[in-house]
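Enquirer: As a plain string of letters, each chain reads:
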Amino acid sequence: MTIYDTTTLGAAGVTGGRVGAAVETRANIMEATQAAEDAVLAPNDPGAFPHPLRAALAARVAALGGEPALAERHAARAGASAALADPAQDGTDQGLSHLVAFVDKVANDTRNIAAEDIAGLQTAGVADADIVRICELVAFVAYQLRVVAGLRLMQGAAA
Amino acid sequence: MSRVVHKFTRTVPTWQPRVTPVDLQQATKEQLEALQVTPSNTKVSAYVLTLAHDVESLKVRSPLFNAIMYDSGGMSRAEREIGALAASMVNRCIYCAAVHADRHAKLEKDTTVTDELFAKGENADLSQRDRAIFDFARKLSEAPTGATEDDMATLREAGLTEEEILDLILSSSLFGWANRLMHVLGDPVREEVPA
Numbered sequence: 001m002t003i004y005d006t007t008t009l010g011a012a013g014v015t016g017g018r019v020g021a022a023v024e025t026r027a028n029i030m031e032a033t034q035a036a037e038d039a040v041l042a043p044n045d046p047g048a049f050p051h052p053l054r055a056a057l058a059a060r061v062a063a064l065g066g067e068p069a070l071a072e073r074h075a076a077r078a079g080a081s082a083a084l085a086d087p088a089q090d091g092t093d094q095g096l097s098h099l100v101a102f103v104d105k106v107a108n109d110t111r112n113i114a115a116e117d118i119a120g121l122q123t124a125g126v127a128d129a130d131i132v133r134i135c136e137l138v139a140f141v142a143y144q145l146r147v148v149a150g151l152r153l154m155q156g157a158a159a
Numbered sequence: 001m002s003r004v005v006h007k008f009t010r011t012v013p014t015w016q017p018r019v020t021p022v023d024l025q026q027a028t029k030e031q032l033e034a035l036q037v038t039p040s041n042t043k044v045s046a047y048v049l050t051l052a053h054d055v056e057s058l059k060v061r062s063p064l065f066n067a068i069m070y071d072s073g074g075m076s077r078a079e080r081e082i083g084a085l086a087a088s089m090v091n092r093c094i095y096c097a098a099v100h101a102d103r104h105a106k107l108e109k110d111t112t113v114t115d116e117l118f119a120k121g122e123n124a125d126l127s128q129r130d131r132a133i134f135d136f137a138r139k140l141s142e143a144p145t146g147a148t149e150d151d152m153a154t155l156r157e158a159g160l161t162e163e164e165i166l167d168l169i170l171s172s173s174l175f176g177w178a179n180r181l182m183h184v185l186g187d188p189v190r191e192e193v194p195a
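Residue numbers (full-length UniProt numbering), protein chains in the order written: chain A, 1 to 159; chain B, 1 to 195.
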């Protein structure tokens with residue numbers, strides 16, 4: 001596997017050239033980004049969130065962030081949870097509306113997250129370890145989709 | 001008593017978790033390894049103990065963080081701190097903003113830039129280069145599609161190389177991640193000194 005096979009560079013459409021030359025100077029960072037993706041999307045200990053649900057939520061965050069190519073890559077692993085990748089779904093059908101609302105707020109309205117949001121999850125029965133796990137997942141995708149967006153801008157419209 | 005800090009400051013507050021951190025006495029072998037706890041080093045921050053709940057992420061994030069912020073070449077360390085600070089201001093992560101404004105001021109041996117940014121936000125009076133860097137990072141932080149081709153052109157006009165632009169994308173995006181842990185999982189607090 002080369003850095004060009006990573007989800008991030010694949011979604012950004014970086015295959016070499018001028019931008020590839022810059023990215024190759026940070027190959028270690030691209031590899032570590034893929035390792036981080038594997039740790040949040042497919043951890044050995046998934047806690048309360050099975051891998052397909054994680055993939056669906058990652059796809060959802062990417063879709064809401066305006067990165068369909070990244071959303072598609074994550075959605076491919078969403079299996080039975082695929083419905084939640086659609087931002088129009090609020091999780092009610094899956095009994096996960098509290099979780100989906102939290103994911104959307106952490107991803108897109110970070111500044112307004114307050115102590116009540118965490119207390120709400122605890123009241124809904126989400127364990128503290130799972131609150132940390134879901135934050136790591138959303139936070140990683142927030143990073144990844146900005147790297148993808150930035151790399152696409154570097155390549156410019158002609159790329 | 002402690003109170004929550006709501007205003008941007010370079011004086012780093014205390015971070016108080018909203019969930020119960022991992023208890024070192026009950027930590028698993030994998031957690032202890034990730035925390036690098038040794039008989040001579042048993043002091044671990046509440047933040048790291050909180051993240052130890054997801055030890056697989058913690059293990060891979062630390063080397064990634066260090067590479068993006070500190071590896072040699074590319075953008076200067078101080079300018080990477082502006083990327084980190086812009087994200088932290090957008091996401092109102094008071095703790096992250098304090099740490100990285102303080103680092104910028106120390107690296108530059110000058111508080112002018114961070115004083116301006118905390119006083120005037122996006123209207124701060126900055127050099128052409130700092131302005132281009134801050135604006136790009138701010139827009140990318142507000143929304144992934146917020147930065148435009150014009151903003152990219154402005155970075156190049158300000159003299160940034162491709163390697164520097166990549167480092168800016170990485171450092172500001174990294175704080176899209178860090179802010180969503182620090183600002184979401186805890187509060188920045190200051191101990192009240194009794195009169």
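Because the hints were derived from the structure by calculation, they are not lab data.
C-beta atoms are modelled at their ideal positions from N, C-alpha and C, and glycine is treated no differently.
One thing to keep in mind: the hints can contain errors.
[To be verified] Far from chain B, some chain A residues (derived; all Cβ distances over 12 Å):
| id | residue |
| --- | --- |
| 1 | ASP5 |
| 2 | GLY10 |
| 3 | THR25 |
| 4 | GLN34 |
| 5 | PRO52 |
| 6 | VAL61 |
| 7 | ALA62 |
| 8 | GLY65 |
| 9 | ALA82 |
| 10 | ALA83 |
| 11 | ASP86 |
| 12 | SER97 |
| 13 | THR110 |
| 14 | ALA129 |
| 15 | CYS135 |
| 16 | GLY150 |
[Stated by the list, open to error] Simulated pairs of lysine-lysine, BS3-like, Cα-Cα distance not exceeding 27 Å:
| id | chain 1 | residue 1 | chain 2 | residue 2 |
| --- | --- | --- | --- | --- |
| 17 | B | LYS106 | B | LYS139 |
| 18 | B | LYS59 | A | LYS105 |
| 19 | B | LYS43 | A | LYS105 |
| 20 | B | LYS29 | B | LYS7 |
| 21 | B | LYS106 | B | LYS43 |
| 22 | B | LYS59 | B | LYS43 |
| 23 | B | LYS43 | B | LYS29 |
| 24 | B | LYS109 | B | LYS7 |
| 25 | A | LYS105 | B | LYS7 |
Enquirer: Under the constraints set out in the numbered hints, which ones does this structure not fulfil?
Expert: 3, 4, 6, 7, 8, 13, 14, 15, 16, 19 and 20
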